[in-house]
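**Student:** Assemble the complex: chain Z is given as a structure, and chains V and R must be docked to it using the hints.
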Amino acid sequence: MIMQFNEETFREDYTFHNSDWAINRFPFPFHEDSYMYAVNMEQHRGGPEGSIYEKRFDVDEHYVAEMKDRAMVLSDDPLRCQSLPHMTLAGWDLLELIMVSKSEDYPDLFELHRNGDKWHWINKPLGIEDHFTFLDETTLPYGPMEYITRQTQGDFCVLDQRDDNLWMDAGIVTTQADWSLDFDIGMNFFEWHAPVPLAHEKGIFVRALKFLLNIQQGAPARRLNWTMTVNPLLDTSPENYHKWGVQKTEITPENIGRKQYLRVELQTFFRLPRSNGLVFPIRCYLIAFEDLVKIPKWGRRLHRVIRDLPVELATYKGFIDNRPMMLDYLSEFDDGEPTSDGIWPDRHLE
Amino acid sequence: MSKFNFPESIMSRPVYGTLEPRSGKAHLMVADAQGAEAIIGLSKADSGLLSKTHIIYIPKGTGDTYTGKLEKLGAAQLYVGPSYEAAKTRLQRTLAGAHMGLQVYLSGTEGLMGQAMLEATNAGIPHTAIQTEHRGSVARRMQCVHCKGITEDVMTDPFVCSHCGLSLFVRDHYSRRLAAFQGVCIDAEDPGNVPASVELYK
Amino acid sequence: MSAGTEKIAVTVTDIVKVNDLVTRFKFEPTKGGLLPTFSGGAHTVVEMKDGNITRLNPYSLMSDPWDQSAYTISVRRDDEGRGGSLFMHNSVKVGDQMVVSNPVNLFSLDLRAKKHLMLAGGIGITPFLAQIKQLDRARGNWELHYACRNEALGSYVDYLTSTHPNDVNVYYDDEKQSIDLENLLDGQPLGTHIYVCGPKGMIDWVRGKAAELGWPREAVHYEEFLAPQSGKPFEVKLAVSNKVIQVGEHESLLEAIERAGVDAPYLCRGGACGQCETDVISYDGKFLHRDHWLEDNEHASGKKIMPCVSRFEGKTLVLDR
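Chains as they are written, first to last, in this note's numbering: chain Z, 1087 to 1436; chain V, 923 to 1124; chain R, 129 to 449.
In isolation and in its complexed conformation, chain Z is listed as follows (with noise of 0.2 Å):
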């Protein structure tokens, strides 16, 4: 297919929209009428065609106006990304896993050739053309990271792996739920993950570490994780939290369907070969209520997942003031009849 980019904004105005297209093909995270933390890694190899999951790194109609919001969110505080001086190798690594991923799933937007260490990448949506010397950085405008992490939809954690670790050592944030990664830079899995609530106790982190430590070279992995955003903005950054915030405040009855969004994190988990490094993209997909209710086994979900969640899941997530008024707006949407298992509709929006 032609890919149309879509114009559109995630901030101020709030142009963004999703597609038909979009929609059904919208990353929902529920695969029952229930949530809690898992553990839920699954093998990242393709999946159905059309699906988020079928390239290694998803191109789709927003590709274009996120990486506009991100040169923006970079432009008004550089710290948003940070690669500590050991990392650098780890960046080339993922330079190159973006590059060639890229020009072989989506060969009419992305071309590569190499010729020895002599690189030549083309991305045509952005009109980007470069001659570059692989593991050179003098040749690149940006760090390898940041510069292909410019060109790719998705928050990048760059991982060095030590001491039965994995340390946040690089990374480029600015379509975040909420963290900081020029506070969490230097930490180790453990560390960033210490403000989750309950999950600590179930023993979820040790076994996602000890997962996450084996991912071997060619076998990726990936999961789904959710939160809840006011407005269609990608950078719910605390560094602007005293900014933002305050937009959760203007929810009413009247707007929720419009304003309120689902935000889904598809989160993947790729080595790196050359620094033994892992890299762990976070790519953010939103969809408002009124979008997501039009697939109808979502809206009956999504009602009793949000009516059931514990109390400190929907105050970490940031919407515990919110939750009666989602849930008037969902409960319309619930006739109580059963779901179906899995994340995928029933039926497509034709």
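Over the 10 Å line for every Cβ pair with chain V, so calculated as not near, a few chain Z residues:
1. Gln-1129
2. Gly-1133
3. Asp-1216
4. Glu-1340
5. Glu-1418
Quick list of simulated restraints, FRET-style, between CB atoms:
6. R:Gly-179 / Z:Leu-1284: 48 to 58 Å
7. Z:Ile-1208 / R:Gly-179: 49 to 59 Å
8. R:Val-390 / Z:Gly-1132: 18 to 28 Å
9. Z:Ile-1214 / V:Glu-1121: 52 to 62 Å
10. Z:Arg-1293 / V:Lys-994: 46 to 56 Å
11. Z:Glu-1423 / R:Glu-423: 49 to 59 Å
Computed footprint of chain V on chain Z; a stretch qualifies when at least three of its residues, placed anywhere within it, have a C-beta under 8 Å from a C-beta of chain V:
12. 1266–1274
13. 1278–1284
14. 1319–1328
Quick caveat, the hints were computed from the structure, so don't treat them as lab data.
Predicted, not measured: the structure shown is a model, and the values here were computed from it.
A virtual CB, placed ideally from N, CA and C, is assigned to each residue, including glycine.
**Tutor:** Relative to the frame of chain Z, chains V and R by itself:
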């Protein structure tokens, strides 16, 4: 005793122990205020230790309560400085000339231990190999997540950022790289509604 | 998740006898194209079809990690072993097709190190050959101390001393030369990391001396592949798959589980990585634990076994597999 038992918290919050003598040819102790008590305790536990030790001490508000006692310990080097900032280049120079096997002991306030640990880890010592013992004030070194400014010696929650003026609540989330806890705007969702400040751990 | 790692079909394109004990093998991808890059210190698991036995032995990759045209390994002949190295030495010929795993690194460089101090014993030199190539590209600060039995068995000594005369120090046992470890470790700048690969005795010696001199545990890296040892045959019941299997004299428990068609995870196959850790449901007999993954109390508990290297003697053993 000036020790405080911090309540159990999240996994990023540092946990402090009790300094114990370790084997090694060279030892570095950095302390502030009541942290001197932990050094004196170490010298009692191992009388031979101090002759191989460089002590960097900042009395802070304790004046010369401890300096006389420290002078009597027979340390290989003893430096008493007016502030951590003043002592920092000396600490960096000491680490730059040190060798693997150096044992580092930190005692005193969280801000002092955190900043000295940062210098030691930058020099190449893993943080887990550095001993710490909290003594004295429970004041915290806080980073404002919004403006990035550091406010030293925070004793209340919430507090006002000394740089941007926002009212911040005190989190237990801690960054070794910044040697600071995280402060986050408390009235973002209800501007102007700032609860009364409460003294930490009261 | 399925066991082990991704597999690569390769063809043996070169075999070089390095000395009386060591032979080098070169593998190129059978289908053409490029092999995955790797990081210095990584190993590959080589599948050996020896009659009706399939052995999976790990070998450190010694070639340039950035060279995607071929992998090379060096195999030391072990006349007393279970036959894996003898198979490589005696049966593998140029042109043979084999299967190797994607690279796995359990002996990675700490890229933060201000200096890398490498200590090799015998065939333990191989991971360092790849690490040195990686560090040379990054202009890394490293130094190698390499102990061999004698000059004739000093694999790659000539190569190392001619390419890096100032960074390589060689010690021959039969000339009564040995690493002056205490003096070597004393005086290393802060931020130095030690890497040791060689016989168990050497690893224990280096780790012990470093600890005594106050080195942090995180600054001492080691890799020791235990080869599975032969032993008395024994019978095991696999509870999950509901199978009873026989473990042969020259076969590891892990190999017997795989032979029965039961999927079991693994990475190092040498008792180090923890991946194959298996719960014991019940037993009547005694365990011959040989791994260095489980703690002493776990060994004593009778609740866990590492089937890659450990064995069992007794009446019954039931595993959660």
